[in-house]
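As a plain string of letters, each chain reads:
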Amino acid sequence: NAGVTQTPKFRILKIGQSMTLQCTQDMNHNYMYWYRQDPGMGLKLIYYSVGAGITDKGEVPNGYNVSRSTTEDFPLRLELAAPSQTSVYFCASSWGRGRGGTNYGYTFGSGTRLTVV
Amino acid sequence: AQTVTQSQPEMSVQEAETVTLSCTYDTSENNYYLFWYKQPPSRQMILVIRQEAYKQQNATENRFSVNFQKAAKSFSLKISDSQLGDTAMYFCASKMDSNYQLIWGAGTKLIIKP
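Chains as they are written, first to last, in my numbering: chain A, 1 to 117; chain U, 1 to 114.
By construction, these hints were calculated from the structure, which means they are not laboratory data. Owing to the predicted nature of the structure, the values given are computational and were not obtained by experimental measurement. Mixed in with the good hints, there may be bad ones.
Label pairs and their in silico Cβ distance ranges [unchecked claim]:
(1) A:R77 - U:G85: 45 to 55 Å
(2) U:I46 - A:F10: 13 to 23 Å
(3) A:I12 - U:K55: 25 to 35 Å
(4) U:E52 - A:D73: 23 to 33 Å
(5) A:T115 - U:V13: 38 to 48 Å
(6) A:W95 - U:T60: 20 to 30 Å
(7) U:E17 - A:D73: 39 to 49 Å
(8) A:T115 - U:P40: 19 to 29 Å
(9) A:T115 - U:P41: 35 to 45 Å
(10) U:K113 - A:T115: 26 to 36 Å
(11) A:D73 - U:G85: 15 to 25 Å
(12) U:N31 - A:W95: 11 to 21 Å
(13) U:E29 - A:Q17: 40 to 50 Å
A few chain U residues that don't get close to chain A, going by computed Cβ distances all over 12 Å [as the list claims (entries may be wrong)]:
(14) I111
(15) I112
(16) K113
Just so it is clear, CB atoms sit at the ideal spot from N, CA and C, and this is done for glycine as well.
Just chain U, with the same shape it has in the complex:
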């Protein structure tokens, strides 16, 4: 069975600092996709970044980047120059290429302090 584990229930950092959120997953397939979603207090789920497992290069979207370690089944999210608007729940999710379903972690609550 696919699983996604986020081991940090809550984190807080000062504005402008860099923060890394952890995610590990388990899968038996070679072709899969990994996602980080942000859920601010407004409840809207927003796609932050996406990684294709067959690509060795780590995905980057502006201040957001991932550290994808395929052998270790690790997919951490790094937020650089954190901003107050980054305060949110962050969810890691995985999807097998052959299956419609997204598997979600339990989330990490990130608080950016002024």
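Same shape as in the complex, but just chain A:
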């Protein structure tokens, strides 16, 4: 079972560069999420999607963009990378209904460690 697959696992970017973090899930989950985890902190929601073609902002969306053209894929785009975007990024998915999403927890990918220098 692949679950949620994130690529790459590590990346170093220079200030001003752009990149896309890939996320794919094979569980037919309708909800997908992007989080960032800063040192000593919990997770902060960047963007989420309730299904193909539908995305919405989370707590910390500035500097990021997402798209959801298929159920399986939910890439996160960083434009004009800044040092403040140095973090570990997690993609997650779940099955849920309506505004409340799922109450059964998420399946997470293994994360991408991004450093902006």
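Using the hints provided, position chain U relative to the given structure of chain A.
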């Protein structure tokens, strides 16, 4: 606003001992869910245990159990017979029934010593 607080940045115990990790939360809703996630050095976030607020019975998963005190808004995790593989960051999280968002605590680093 919802908040989740984990007051213990780091804990360490000897293998086979029992350890309790603390978590308090704040919410204005009656229907909500609480979670403990484990994050080992591999970075993978793994769901350990889940509690539904409307259930009085404390959730249990093998060596992991919770002490859910609804009036006190407390949700502690007890790990019995701790093992070296339990070494990890542990995060407490809450979710309102009416909202998609998980709210996370800052985490507790747990070290199990041989």
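Hint by hint, here is what the structure shows:
Roughly 36 Å separates the CB atoms of R77 (chain A) and G85 (chain U), a value that falls outside the hinted 45 to 55 Å. In this structure the supplied range 13 to 23 Å holds for I46 (chain U) paired with F10 (chain A), their Cβ-Cβ distance being about 21 Å. For the hinted restraint 25 to 35 Å between I12 (chain A) and K55 (chain U), the CB-CB distance of approximately 46 Å leaves it violated. Look at E52 (chain U) against D73 (chain A): about 32 Å separates their beta carbons, and that is inside 23 to 33 Å.
Under the hint 38 to 48 Å, the C-beta atoms of T115 (chain A) and V13 (chain U), about 33 Å apart, miss the expected range. Distance hint check for W95 (chain A) and T60 (chain U): the Cβ-Cβ separation is about 24 Å, which falls inside the suggested range of 20 to 30 Å. For E17 (chain U) paired with D73 (chain A), a C-beta distance near 44 Å keeps the hint of 39 to 49 Å intact. Range check, T115 (chain A) to P40 (chain U): about 22 Å between beta-carbon atoms, so the 19 to 29 Å window is met.
Distance hint check for T115 (chain A) and P41 (chain U): the Cβ-Cβ separation is about 18 Å, which falls outside the suggested range of 35 to 45 Å. Between K113 (chain U) and T115 (chain A) the Cβ separation comes to about 31 Å, which falls inside the hinted range of 26 to 36 Å. Distance hint for D73 (chain A) and G85 (chain U): a CB-CB separation of about 33 Å, inconsistent with the stated range 15 to 25 Å. Distance hint for N31 (chain U) and W95 (chain A): a CB-CB separation of about 19 Å, consistent with the stated range 11 to 21 Å.
For the hinted restraint 40 to 50 Å between E29 (chain U) and Q17 (chain A), the CB-CB distance of approximately 42 Å keeps it satisfied. With a closest Cβ-Cβ approach of about 16 Å to chain A, I111 (chain U) is found to remain outside the 12 Å limit, as its non-interface label requires. The beta carbon of I112 (chain U) sits about 21 Å from the closest Cβ of chain A, which is more than 12 Å, so the claim that it is off the interface holds. The Cβ of K113 (chain U) lies farther than 12 Å from every Cβ of chain A, with a closest approach of about 22 Å, so its non-interface assignment holds.
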